[in-house]
Structures are given as structure tokens and as C-alpha cells.
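Protein chains in written order, with numbering that gives the first Met the number 0: chain G, 0 to 346; chain Z, 0 to 380; chain V, 0 to 330.
Some clues are possibly wrong.
Calculated pairs, DSSO-like style, for lysine-lysine (alpha carbon to alpha carbon, straight line, at most 27 Å) [what the hints assert, rightly or not]:
id, chain 1, residue 1, chain 2, residue 2
1, G, Lys78, G, Lys104
2, G, Lys77, G, Lys104
3, G, Lys94, V, Lys79
4, G, Lys140, V, Lys245
5, Z, Lys160, V, Lys226
6, Z, Lys37, V, Lys226
If you want the footprint, here are the derived chain V segments under chain Z, 3+ residues with CB under 8 Å [unchecked claim]:
id, stretch
7, 11 to 18
8, 148 to 160
9, 258 to 264
10, 290 to 302
Note that these hints are calculated values from the structure, not bench results.
A virtual CB, placed ideally from N, CA and C, is assigned to each residue, including glycine.
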Amino acid sequence: MADNDNILIQVKDLKIHFFTNEGTVRAVDGVTFDIRSGKTLCVVGESGCGKSVTARALLQIVHRPGKIVDGDIIMYRKKGQNQIEEIHISDMEPKGRAIRAVRGKEISMIFQEPMTSLSPMYTVGNQIMETIMLHTSVDKKQARERALEMLGFVGIPRPERIVDEYPFRLSGGMRQRAMIAMALSCNPSLLIADEPTTALDVTTQAQIIDLMQGLQKDYDMGILFITHDLGVVAEIADNVAVMYLGNVVEYSDIHTIFNDPQHPYTQSLLRSIPKVTATREKLEVIEGMVPSPFRRPSGCPFHPRCTKAMPVCSKIEPKTISLNENHQVHCLLFDDDVKNSMRGMAS
Amino acid sequence: MTINEIDRALADRASGDPASESDVRVEVATQWQLMWWKFRKHKLAMFGGALVLFFYLLAIFVEFFAPVNYTTYNEQYVYAPPQMIHFFREGKFGPYVYGYKFERDPVSFKKTWVIDESVIIPLRFLNRGDSYKFWGLFNANLHLVGPVNAEDPFYLLGADKSGRDVFSRIIYSARISLTVGLVGVFLSLTIGILVGGISGLVGGRVDNLIQRLIEILISIPNLPIMLALAAMVPLTWSTLSVYFMITIILSLLGWMGMARVVRSKFLALREEDFIMAAQLDGVPRVRMITKHMLPSFLSHIIASITLSIPGMILGETALSFLGLGLRPPVVSWGVMLQDTQKVAVLANSPWLLFPAVAVIIVVLALNFLGDGLRDAADPYQ
Amino acid sequence: MWRYLFRRFLSMIFTVWVISLLVFAIIQLPPGDYVTTLVNQLVATSSGSTTISSEYIEQIRESYGFNQPIYVQYFKWIGKILTKGEFGYSFVYKRDAVVMITERLPMTFALSFSSFILVWVIALPIGIYSAVRQYSLGDYIFSFIGFIGVAVPNFLLALILLFVTYKYFDQAMIGLFSQEYASAPWSMAKLIDMLKHLWIPALILGLGGTAGLIRTMRANLLDELNKPYVETARSKGLSEARLLWKYPVRHAMNPFVSTIGWTLPGLISGDLIVSTVLNLPTSGPVLYNALRAQDMYVAAGFILMLTILTVIGTFVSDILLAVLDPRIRLQ
Ligand SMILES: Nc1ncnc2c1ncn2[C@@H]1O[C@H](COP(=O)(O)OP(=O)(O)OP(=O)(O)O)[C@@H](O)[C@H]1O
Ligand SMILES: [Mg+2]
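Can you make the complete structure from the sequences, with help from the hints?
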């Protein structure tokens, strides 16, 4: 992979399983990707495919019956001149001191619901200052200065008034801005945004995305952006990971994903968005439903809905295949062994 | 992955085995089924449910389960202590209890009954004993268990001040105490559905006013009011009238919770997402009501009914215990507990507290059952 | 906030008014009117020799408005209470009702208040513990105790207490005072003595409420623990303990404070029965005897004052809520 020194986070074959009373849910089942500083990785996929769980794993805040059972999450931290330190987040205790020092300082996260992600009991300022005072050795006054500064950065008018305001008195857009201000208050190198604009109206959505792009430039930070909205992806992504039932089925840069998708799921996903150019084209939907997590299909989990399914697809699980340095697919169609065998059958 | 595996897979296709299809079929269960599955997992609720069922069966067949009638007394055995039932005699099945002898307490010089292990009173299951009119319908004299010799004293849980069998009276009380709960709850359910329904359906100012009133009624301590009302019931009234009056008083002060549940359900039903979803899916109206609204509504009502019965039972017990509820000769757990008000009596015959054990078990069982039902009422959570 | 409090205050006044109507209705319930009963009582007790002048009877009738329509009677009754503090005369105790009320009500207040404090001190930490350690052994044990607390009628606990003290300590009296203070005038020493005795009945009184509150706190906190703002706080890097106290516990306090509205009536009801069983010098036994004897003015006075006590308690909880919750304060 090109310019390795820009890599911020490397996720390797990550597996997160939920051990519920009804059985084990393989919510994330072998996910691999990396995030570079200054770049945005978008994760897309249908509801329940494991996007949020993956994102939470980066901060070790996966919900209770869930556990990281396998794989690695490595954070690369610049250490002085030309020296890079490897930090294994996946090995950290979820409640330990080590991961708490990472949270909010090096990796920040903003969530989908600006309405409920801030506590209505404390002022915006209080909640931002809390983060600042937790990770830096400043006094209350300095923390307040910083909070005011951050609120200004994220485009909140009259920060000196908003800082003492309670979140429930702000609009959704304002709240999300405040969330961003809070997330960025300690200059993190990675910002995770889990559907940060889903709950906002279209105009506000555009403003927030512009803001994030601007801030990314200023701070040279990596962004992991989770969304359902392929329009947003087109706007901000550098790289895209398409997920299906706990797997990254295709991973590549934005141009390849949009212009030359290889995985049948990516292809149908792209076909399911209406094109402005096409006059009366029938909108294609992906056939069938996402299967229940407890009845995961055998073989390739996508095969029951796949238009290009082969009989082998229900028998063996695909592995990740690199089509080129920057394009990986998780599909048996591209598996040389399978191709050979098929040819053998035909002859 | 080996080539062999792939080949086998391809061969499977040839033999027409669509292994993939069975994997993704989504099973559609009715809402009742979902609730039942969820309820079944709640072990404590299942246990509570079994207990409740047992007690109500007991209440139906009291005459059979009680060794003697509740009015049967024997002045000779006043305050006789409980006997322990033994099942095997000389290695063979032969249930019996020990008899009593009179003893003078060396300190207080009071005469008391004590167990006399030299006297053996044989028992018989499915015994012919006191005759009764079952449900006022037909004469019978069959009892689950009783002394072979009808004159022998048989007091499993001791005797009271008139030498009546506490055990039999507890069983007879189950009928009164449990039905007071049931009738009271249905009365308050009626009021609740009426008021809550109006509140939820009419809405607006009426709703507001009703909610205010309910708030006020809830903020009043209800025992004094209940006692005040109960104290007004004339002494001359027949036992049946008193019984109904007490139930009405209990339900008058217990309907508010029910009305709130009904109202919130009405409001929720109007808005609920799944109804919207069903409408969008084009599900016919009738099916929508029977498949979605009714189960949701009923299950919540059933859960709150179950959770209100204990309050009624405890209320009746408290009223009767204070002597302002049901009156002898009617026998309920509260009426029985009246005897324990004199501490001297209680200290010498603590078995008079056994009716309270029955109350506690029933109330616990109903609470367990109700909690389970309430959880199961939201099968999607 | 002031608008909110003003509204709550108005609602409190309205509540008291509705309650006064209700209580007045209760006075009207027994057959025959108060004066007839009073006269019968006076005749019966004054050894037959004295006759009561019809003038005197008329005078009483007049002052209570018994010859006038029912609403006039209501206003006369409530007017006397409001302007002169006259609650009527007890023909059972042969005293003015107001004397008994002023004597007993503070004791009820003391008992209920200490019981209330006890309930909170016990229920709050246990509820938090049970939620944070959901499904742990401790959670199961506390849930079980909680269920028992709901199921055991508090008079039964009182009976058991009586039984134990009678059987093993040879005295059935669980009064609120030691013997030397029982009839002594109020002093600091007497107060301390009372507090020493108060906790047992307070505990008995509070058991049911404690059980309910543990369950409320546990359920509220479990709800809050999954809220997004907790996630936010965790992703900031706060430690679990700091996060717990600052966010979910604080949030769960609000519905907890609102439960005062139903804990208080429960405690007052409980006082009636527990104090009657234990024969404590609170309102309970007096009200009980008044009701049994249909001594309606005394009973009405007590019921009115007790309900007002709870309504004031609820109002205090409203104020507390406004202080705690900015959403209410800034309305
Ligand atoms: N607490 C939990 N218990 C059991 N399974 C869970 C739990 N949380 C998540 N899962 C499982 O993990 C899977 C992935 O969940 P996740 O929240 O990551 O989905 P998502 O891709 O973020 O979906 P969405 O787009 O709706 O946010 C779910 O399908 C679910 O089966
Ligand atoms: Mg998600």
C-alpha cells in the first residue's frame, strides 16, 4: 500500500461477537481496513451490518454481550522525529486507564442523535470543558477559553452565550456543532462520525459536512464516516468500505467504488440509488431482506440475495481477494480456485 | 477451501438440492406466540403463574381441600398447637399425627395443650368427613385428608380461640380473599376503561381535567378514606352486601392506575409506528386490529390487572384486620388475623399468623406473574 | 421556574380544595346528623340528671348551619377551620378535635419524615447497585428482598415486632419514648430519646416503600445507562465511576424525586395501621378510634390535615425537581 507512514489506524481481521442468550451473533466477522491521516474512510452498508459495532471497537466501547474475539486494531502514533509508535487498541481493557487516555484525546466520536447525545442536565460549556480538563492540564478558566474557541471554530454564533446554554435549548444543527466542538477540543488524530447527519434536515446536513471537511483540512485528521447516504459518500469519501453482515465485501477508493464496482452487492447498492440522468428508469431494489443475525446463511452470507450466485456460494465462505493494491473484494467470483474448478467442470 | 468441496457443491446443484432456500426463510410468528415465548423464558413468572393457578384451584374446591368446615369447632381444643403430619408408620405408608395432652405451665400455671407422642391419630386421604353442599349445588362429604376417627383432633396449623381448624379456615379464606381481589380489579378495570377511554379518546380539555383529578386522587393517602367509607357500612347489613361494599370501596380507590394504563394505551395505539407501518403495507383494517392492536392492548391490560390484584388483597386484609372490613362469620385472611391483635394471644399461639403467610405467598406469586406478563407484553423489546 | 412553581402552587391549592370537598362528603355519610349524635352522647354520659336545653341544641345547629342547604354547611365547616382553627368537638374523647390534631399530627410528621429519610437512604444506593450490577448475585438478593417488602403487609411486621418484644423482652410497649420521658414536657433530651426509638417503627413503615423505590431506581437507572449521552461521556474518556455519578445517576434522580408523590401517601396510610397496632402516639390510633366510633368531625379533621401534609410534601418535591432539572427550571 502506498505511503505507509500516513496510516493512522489499521484494522486487521477484526471479529466481534455478541454472546446472547439466544446464541452467538457474529456482528463483525473478519473486517480489515485502514484509515490514513487527512483522509476520510466511509463505511456504508445496510442496517445491522456491523458498521457501528466496528466503529465502537476502535474506542473499546462495544456494548455488553459483545466482545472482540479476534483480530487487531493498531493505532500509529508519531513519536518525535520519524519515529512511529504502535499502539494495540484491541489488547486494551475496555475500562482501563490506557484506552481512556485515547478516548476523546486521540480518537473522538460523534453520534447520530444530537438530541440525546448531550446531557440536558449540564450546560454545553460544562460538557466541553469536562473533556478538555480530563486530557490536558489546564485550569477551569483556560478550559473555558478553549471551549469558547472551539465553539467559534465550529461556526456557532455568539459562543460566549451558547457556552452557558443547556443543550435542549439549541437546535439540532447547533447541538451537532457543539458535539463536534467537544470531539475536536483535544485535537484528536481520528474522528469517528457514526451517521452524524442522519437526524438533521438537508440544509443543516450540508453545513455540517462542509464544516467537517474544513476542519479535517485544518487539523489533518483522519475521519471514519458511517452513513447510509451514498450522496454524502460521493461528497466526502477518499476511500470506501462496503459492509454486508459483518464483512467488508469491497474496499477501494471512491472512484473505483462508484465507477468500477466489482462485488455484486456494491453493484446493486449503487443501482438502488436513483440517477438524475436517467429519465424513467426503474429504481432497482436489492431483492430479499437482511437475514436475521441468528440465521446467518451458510457460505457467502450474501448468496441468497446475490444475482450472480453460484452453487458454491452456499458452501464455502469467500476470502478477501486483492484485485490491485488498493482494491479488495470479498467474493467467490474472483477466487482463482473457484474459477479453475468451474473451467474444469465445463470441459 | 479445496477443489473437492467446490466440485461437491456443483454436484449438489445437479441433484437439485437448493440448500440456500431453507436458510433464509423468515418465520412469522403471531404476536401471542411471541409473547408466550418471551413469558416462558421468565422462570420466576412461570413459577408465580403456577402458584396463582394452584391458589385459584384451591379457592374453587375449598370444601374438598379443607379437612373440616370453617365453622366446625371443638371447645375442647382451644388454641391447640399445630400437628406435624407423618406419612410412614412402621415402614409402611400410613399417615398419622400425634394427639394432644393437657399440661400446666410450670411458670404461669396456665393450662395448655401440648403434643403427646404416645397418642397416634391415623389419617386417611380422600376421607369422608364433615358434610357440605358443594357450591350450594349438591351434598358431599369427601375431603382430601382427615382423621379416620372423626372425633380425633386434627389441627395441621393449630386451632384458634374456639377450637376451629386454622388450616381449614385459611383454605376457606382463599375463596373470599382471592375473589375480593378479582371482583375488585374487574370493578376498577371497568371504571378505568370508562374514564381512561374517555380521556384517551376525547382528549383535549376533558382529558386534562380527568388527568388532574386522577393526580389528586393518587396523592391522597387512601387507607384513611377507605376506613372512613368502610366504617359507614351499617352493622345490620348482610354478609353478602358487606362483601360487595368492601369490594366497591377497594375498587373506588384502585381504578386510577388502570385508567392511566388504558389512556396511555389508547394514545399510543393512535400513534404507534406499527399501525402506521401496517397501514402503509396495506394490511386490511380488521386484520390490523386483531393482529396488532388487540394483542398489544390486551396484554398490557392483563399485566396491569395481575399487578393490581395484590393491592386489593392487601387492602382487604388491612381493612378486615382493623375490624372495618369483612365481618365474621365470613372468613378471610384479614378476618383471621384480627385474632392476633391481642399481643398476649399472639405470644402464646403464634400459629395464628399463618394466614399472613398465605397472603404473602399469593401477593408474591401475583407480582412475579404480573412482572413476567408486563415484560412479555412488549415482545419486541 | 417561578411560573412553573406558581402553577404547581395553584394546583396544590386546587387539590386541597377538592380534598376538602371529599372529606366533607365523608362527614355527611353517617346516618343522622352530628348534633343528634352529640346530644345523645351528652345525655348518655351525663348520668341522666341533666337535660340539655333545646336552646343549646339550636345554638349548635345554627353554628354548623344544619338547617341550611348543604353548600352553606360546607362553607361554615371550612370557614371555621380556616378562620378559627375549629375542627369540631370529639364526643368520644370529649375534647376539641383541634387539640388532638395539634398533639398528634407533629408526631405523625416526625415518624413519616424519618421513615421517608430512611427509605431514601436505603433505597438509593441499593437501586444504583442493582442497576450497575444487573443480574449479579447482589442484584438477585436485593430484588428478592424487594419483592418480600412489597408482599409483606406492614402491620404484619408490626405484629411480629410486638410478638418478639413481648415474648423475649417481657414488654409489649414499643412506644416512642422511654418511660421517664413518656409524660415529660418537651425538651432536647426528650427529642433525642424519641429519635432513638423512632427508627424501628420508621423502618417497619418504610419497608414497602423501600422495596418500591429500589425497583424504581433500578429501572430508571437501567434506562439511563443505555442513553446516548452516556456513550458520549464514555467516549470522552471519563472513568466508569465518574461517568456513572455525573450522568445516569443524576438523570435517574428526577423520576426518583417525583416518586415522593406516591411514597408520602403510602407512609401516611402506613402510619394509620402500624401506629394503631403498636399504639404509638401518632394520628393513627386516634383516627382509627374516631372512625370506628363514627366521631366524624375528628376523623374529618385528621384526614384533611394528613392529606394536606402529603400535598405539601408533593409540592416540596416539585420544588426539588425544579432545582434538579434545568429542563423544568428554564421552562
Ligand atoms: N447489544 C447487542 N446485542 C446483540 N446483538 C447486537 C447488539 N448490538 C449489536 N448487535 C448485533 O450487531 C449487528 C450490527 O449492529 P450495528 O449497530 O453495528 O449495525 P449498523 O450497521 O450500525 O446498523 P445501522 O445502520 O442501523 O446503525 C446487529 O445486526 C446486531 O445483530
Ligand atoms: Mg449504526
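Quick rundown of the hints versus the structure:
1. Between lysine 78 (chain G) and lysine 104 (chain G) the CA atoms are separated by roughly 16 Å; this keeps the pair inside 27 Å, and the hint holds.
2. With a C-alpha separation of about 14 Å, the suggested pair lysine 77 (chain G) and lysine 104 (chain G) falls inside the 27 Å cut-off, and the hint holds.
3. Pair hint lysine 94 (chain G) plus lysine 79 (chain V) does not hold up; C-alpha atoms about 66 Å apart against a cutoff of 27 Å.
4. For the hint linking lysine 140 (chain G) to lysine 245 (chain V), the alpha-carbon distance of about 21 Å falls within 27 Å, and the restraint holds.
5. With a C-alpha separation of about 59 Å, the suggested pair lysine 160 (chain Z) and lysine 226 (chain V) falls outside the 27 Å cut-off, and the hint is violated.
6. Restraint check: the Cα-Cα separation between lysine 37 (chain Z) and lysine 226 (chain V) comes to about 24 Å, which is no more than 27 Å; the hinted pair holds.
7. Check on the stretch 11 to 18 of chain V: 4 of its residues sit with their Cβ under 8 Å from a Cβ of chain Z, so the three-residue criterion for coverage holds.
8. Proximity of the stretch 148 to 160 of chain V to chain Z, defined as three or more residues with a beta carbon under 8 Å from a beta carbon of that chain, is established by the 8 residues found.
9. Residues of the stretch 258 to 264 of chain V lying with their CB closer than 8 Å to a CB of chain Z number 4, which satisfies the three-residue condition for coverage.
10. Evaluation of the coverage hint for the stretch 290 to 302 of chain V: fulfilled, as 6 residues show C-beta separations to chain Z shorter than 8 Å, against a requirement of three.
Consistency note: the structure conflicts with the earlier hints numbered 3 and 5.
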